[in-house]
Every structure is written in structure tokens, then in C-alpha cells.
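Asker: Sequence:
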Amino acid sequence: MKQLILWSLVLCTTGVFAQNFQGKAYYQSKTTMDMNWGGREMSAEQKKRIQERMKGFLEKVYILDFNQTASTYKEEEKIEAPGQGGRGGFGRMMMGSFSQGNQYKDVRDGVIMETKEFFGKKFLIKDSLPKLEWKMEGETKQIGKYLCFKATALKKVDELDFSKMRPRRRDRNNEKTAEEKKQDSIKAAKDPFSQVDIPKEVLVTAWYTLDIPINQGPGEYWGLPGLILEVNAYKTTILCSKIVMNPGEKEPIEAPTKGKEVTRKEYNEIVKNKMKEMRDMYRGRGRGGRGRGRG
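Residue numbers (mature numbering (1 follows the signal peptide of the UniProt record, and there is no 0)): -18 to -1, 1 to 277.
Be aware that a few hints might be false.
Okay, derived cross-link-like pairs now, BS3-like style, lysine-lysine, Cα gap no bigger than 27 Å in a straight line [claimed, not checked]:
#1 113 / 256
#2 117 / 132
#3 103 / 254
Calculated directly from the structure, the hints in this document are not laboratory data.
When you get a sec, could you build the whole thing from the sequences and use the hints?
Answerer: Pasting the structure below:
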């Protein structure tokens, strides 16, 4: 009877620990960007200036709060210095639509949710959690104090994933006349998407640790037998810089509720339609200006 009571106490204690278990991981995300857009070669000074302007969008710090079944992933709040943050209001609004919003993942129920704000409207993107077919590579490396194991997978790319955009190839760009190159630049200004390609899928390399045996990770990445500490996908690297287990002040890990609920596909259509609307307005103003000039 004493042994039965003892085992009951152990099981109860383990259950309570599992319910209260929580951790916090900090990730640094960095994306490199190709500077040769529209076939134009930029000077070193031009590239440096653009990189400085884009730094706020290409280099970010995220926080992953996790327990055994769910997690939230959001950008660390920071105060921008005057003059930072890239372009003005419209440009920032457009870039924000491509940037990652706050995410919630529930690996038990297979749900991923993301909050977005686009042109003043709040959206709640809800979909099934995509599952990657991970291949265990057998390699190891140390990240901080954690021994990590390598895994790779092919991942389908979202059609509006800004971090995966690349200049459209111009096989005969060197043969073009100055006038043809000028027209390409005008076209790029009117329709930025005409100048970019987004790959259908990319190779993802992840490093995970068995020291924290949960199948969570940064962003939409998950599904390995330990916490993912590093991800390399195309031109983006996400690296964990700090982990706090069972922090004194625990952030609530709850599914978001605010915003119009849409699927990822529906949200992408909303963004593309708005982009088309803005391009049409731009073209209309351009034609009106030329008409007034002739008059």
C-alpha cells in the first residue's frame, strides 16, 4: 500500500510538472538580399546605403515561448532610432505585409495561426500546421552548451514570402540597348513583382537538441525530437542566442483571437488584389500627368 501511494505521488508530481513546464528561446534572424535588381549593377556605395535602409527588415530578434504542446513566436519589441526603419509610411506598410507576424503553433492539434495587419485591417491567418519530411543527417555540432543534430527537408515556399524573392533572370540583359534597360526600369517601378522570382521550394537545414525534448522551433518549423536551435533556408539564417527554462515570469501561450479569420491562401489573394489596385492607380496618375503635359 505504501508503494502504491508513493507511485501515485510521483505520477501526480510528474503530471503537474508537465502542465507547468515552459521555456523561452531568443532567436536572431538575418536575411541577405541580392542587390542587382532589374539587371542594374549598383555601386558599392549604393548597395551599402540600401542595406542600411533595409537592415530593420532583414535583421530581427524573435522570442519563442513554448511548452510541451504549443508555442508563440513574436518579434522582440524595440524602439527605432530616428531615421531608421527604411522607407516612409507606404513603403513600411507594404514591407510589413510581407514580414512575419506573431505566430501561434499547436503541435498537438496541428494548427498554426498568425496575426497580420495590412492597410489598417487586422487579419488572423489560420491553417493546418504544415509538416516537413525531415531527413536525419547524422551530423552534430555544438550551439552554446547544447549538442545539436542535423536534419534537412524540402519546404514549399509561400508565394508572398519576401525573404525568398530574388531578381528574375535576364539571360540576354548584357545584349540589351540602353533604351531597353530603361524600359525595364520603368516596368519594375510600375510592377515590382514583374522583376522577381520566388522558388517553389527550398532546402531547409535545421539543428535541434535532445536536451530539450519538444518538437518545437522558430516560426513554422517543428516536428523534430528536440527544440530547433538553428535554421538555414535559402538566404535566411535563424539562430538561437539564449534559452531560459521555466522563467520566473511566464508569458501566456494562447491562441490569438483578434482579426478577421482567413486562410493563408485567402490572405495572399487579398494582398495581391490590393497590390494590383495600387499599380492601376499609379498607372492612371501617370497617364493623367502625360495628358496634361500634352495639353
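Asker: Please go over all the hints and tell whether each is borne out by the structure.
Answerer: Here's how the hints hold up against the structure:
1. 113 / 256: violated (30 Å)
2. 117 / 132: Given that 27 Å is the threshold and the Cα spacing comes to 9 Å, the pair holds.
3. 103 / 254: Holds - the C-alpha atoms of residue 254 and residue 103 are around 15 Å apart, at most 27 Å.
Violated hints amount to a single one, hint 1; each of the other numbered hints is respected by the structure.
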